[in-house]
Amino acid sequence: MDENENKKKIMFLMRKAPHGTIYSYEGLETVLIMAAFEQDLSMAFVGDGVFVLVKDQDTKGIGIKGFIKTYSALEDYGVEKFYVDKKSMEERGLSPDDFAIPVQVVEADEIAKHMEEQDACIPY
Amino acid sequence: MKIAILIHEGPYNHQASDTAYNFIMSALNRGHHIEGIFFYHDGVLNVTSQAEPPQDDRNIPKRWSDLGVEHGIDIIACIAASKRRGIKDGAIMKGTRISGLGQLTNITIAADRLVTFG
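Chains as they are written, first to last, in our numbering: chain A, 1 to 124; chain B, 1 to 118.
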């Protein structure tokens, strides 16, 4: 098999707030590893998952290591496709200016279209 | 069809592990190939050899072990997630192993479908 056959389109679906559970943090670890394997990756943020990208998060008060800075480094790993569900964002009073990285704010049906194109979708 | 399995939740606390097991048994009975089973988050607790569930309850870690031994399915617990949760070599079920997220990547690439539970 050549390299192209091994390159899969994989989307990570981030559904949960960054803190309170470990899903989002450990999920990001998967993104980093799969990026090292040079897969065609994208990330979609829906529901409370949109909070993951909020800039200037200060986690000192909860005694947990923050990981928003890792998102700023993802571009260096070749991860550049970030989709934020418009409705989820607006329902939570957020705008693109609140996010630590540039994102594409899209309607849910557009995220669904991207999902259909994937070889695998991993929900966190 | 070649199917890769990803399980996010621990045994007993959540149904994901049971549903995954039933799904896998059905898939095998229908002639599908299970490319590998990867445990992540609290899911790594599924492979502990230290569990002693009551006699009248299902033994979830043993069930995974039997699947690994009898069907030769590659059953992997994530090493980073395992370290956090006290799962280590020497304390895991026969027929299972601990390895890195690269293994999740490999079974995802090799499979036609990745099915996530939890």
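Check each hint, because a few of them may be wrong.
[Claimed, not checked] Derived DSSO-like pairs (lysine-lysine); straight-line CA-CA distance at most 27 Å:
id	chain 1	residue 1	chain 2	residue 2
1	A	LYS7	B	LYS94
2	A	LYS60	B	LYS94
3	B	LYS2	A	LYS8
4	B	LYS2	B	LYS94
I should point out that these hints are in silico values taken from the structure, not numbers from a laboratory.
We went through each hint and held it up to the structure:
no.	hint	result
1	A:LYS7 / B:LYS94	32 Å, violated
2	A:LYS60 / B:LYS94	41 Å, violated
3	B:LYS2 / A:LYS8	15 Å, holds
4	B:LYS2 / B:LYS94	24 Å, holds
Of the hints listed earlier, those the structure fails to meet are numbers 1 and 2, in rising order.
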